[in-house]
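A.B. asks: As a plain string of letters, each chain reads:
Protein chains: 4
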Amino acid sequence: MRGYYNDKDDYLARLRRVEGQIRGLQRMVDEDQYCIDVLTQISAVNSALKRVAISLLDDHIRYCVVEEGSKGDADNDMVGEATAAIARLVKS
Amino acid sequence: MRGYYNDKDDYLARLRRVEGQIRGLQRMVDEDQYCIDVLTQISAVNSALKRVAISLLDDHIRYCVVEEGSKGDADNDMVGEATAAIARLVKS
Amino acid sequence: MRGYYNDKDDYLARLRRVEGQIRGLQRMVDEDQYCIDVLTQISAVNSALKRVAISLLDDHIRYCVVEEGSKGDADNDMVGEATAAIARLVKS
Amino acid sequence: MRGYYNDKDDYLARLRRVEGQIRGLQRMVDEDQYCIDVLTQISAVNSALKRVAISLLDDHIRYCVVEEGSKGDADNDMVGEATAAIARLVKS
Chain A
10 MRGYYNDKDD YLARLRRVEG QIRGLQRMVD EDQYCIDVLT QISAVNSALK
60 RVAISLLDDH IRYCVVEEGS KGDADNDMVG EATAAIARLV KS
Chain B
10 MRGYYNDKDD YLARLRRVEG QIRGLQRMVD EDQYCIDVLT QISAVNSALK
60 RVAISLLDDH IRYCVVEEGS KGDADNDMVG EATAAIARLV KS
Chain C
10 MRGYYNDKDD YLARLRRVEG QIRGLQRMVD EDQYCIDVLT QISAVNSALK
60 RVAISLLDDH IRYCVVEEGS KGDADNDMVG EATAAIARLV KS
Chain D
10 MRGYYNDKDD YLARLRRVEG QIRGLQRMVD EDQYCIDVLT QISAVNSALK
60 RVAISLLDDH IRYCVVEEGS KGDADNDMVG EATAAIARLV KS
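Residue numbers (our numbering), protein chains in the order written: chain A, 10 to 101; chain B, 10 to 101; chain C, 10 to 101; chain D, 10 to 101.
Pulled out of the complex, with its shape left as it was, chain A reads as follows (with noise of 0.2 Å):
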């Protein structure tokens, strides 16, 4: 399973970007910045955190499930997991 992070690098600079804008959002409520400037801001970490997501999804699928499932039994569990994940993604 180890090294099915496609690129860790990448994950870790995009997931550094959104630790900043989570350290922005605390300073635009500190300063009573308008509301909806900060409703904003949250909908756009929102949205880079499921595009990270999405990615490591695509990883996941390709590298873990599509491997094992490569071994010949179709109802391997780590389907059901993947899509029980996206489906909490979803919701989220």
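Just so you know, not all the hints are guaranteed correct.
Since the list can't tell identical chains apart, any single copy or any two copies may satisfy a pair.
[What the hints assert, rightly or not] Under the rule of at most 25 Å between Cα atoms (straight-line distance), these lysine to aspartate or glutamate pairs were calculated in the DMTMM-like manner:
no.	residue 1	residue 2
1	K17	D68
2	K17	D39
3	K80	D39
4	K17	E76
Rather than coming from a laboratory, the hints here were simulated on the basis of the structure. No experiment lies behind these values; they were computed from the predicted model shown.
Knowing the structure of chain A, use the given hints to seat chains B, C and D on it.
C.D. replies: Just chains B, C and D now, with coordinates in the frame of chain A:
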């Protein structure tokens, strides 16, 4: 690819129920029912449709993506196609 | 509260179009059309329903919540009721 | 408009917790933790951020939109601005 619908009758029954809910929504609007109740019903329909989509995705990954992948092509296009569909669903 | 539906005919037309899309989905499943195309169509229906919901919310906040609020009750329950509906919509 | 943040300390505490979760995500990726666990954590962060957004919206509608509306202008722009923010949030 034929026959990948694990349980076509179940999908059709769920979609017919959604169709009934949409007609119910028309009746609610036509009768000037309370706006919040209409919104609650729309949220229920969306959730039902997303549950159908998640089931379809499970079938699709299990019977199409994994099958294709088991032919030895780790870069198969079906993964990218599936994650693009997930990305659209997440934003919808 | 009557008449808060800004343009009832427009809402009904949009909901009838959604009903047609749901029947189209049943046909797609019945004819074993490609899973990804069914998913794309489900995402389109969800987006259409959410646009209807956003329009209803706009009407509701404009004509009900603000009206109620203008009677001088800043703690009016309609705000909490509206944001609870938004929370359900966001997760749906 | 100042002071519309009902409980600024509470918002800041919630955003600091989210910041901690984002740093946790970086650690998970850096340590090659299991992809599905990373996805679960991303969904948790999104849900937490959306709960913050809903609280902000409640404050905003209660203290800004209704106040503005109570000045007698039913067509006030703040409603359209708020529903545009809700539309962005719903898609994020």
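A.B. asks: Report the numbers of all earlier hints that the structure fails to satisfy, in ascending order.
C.D. replies: 3
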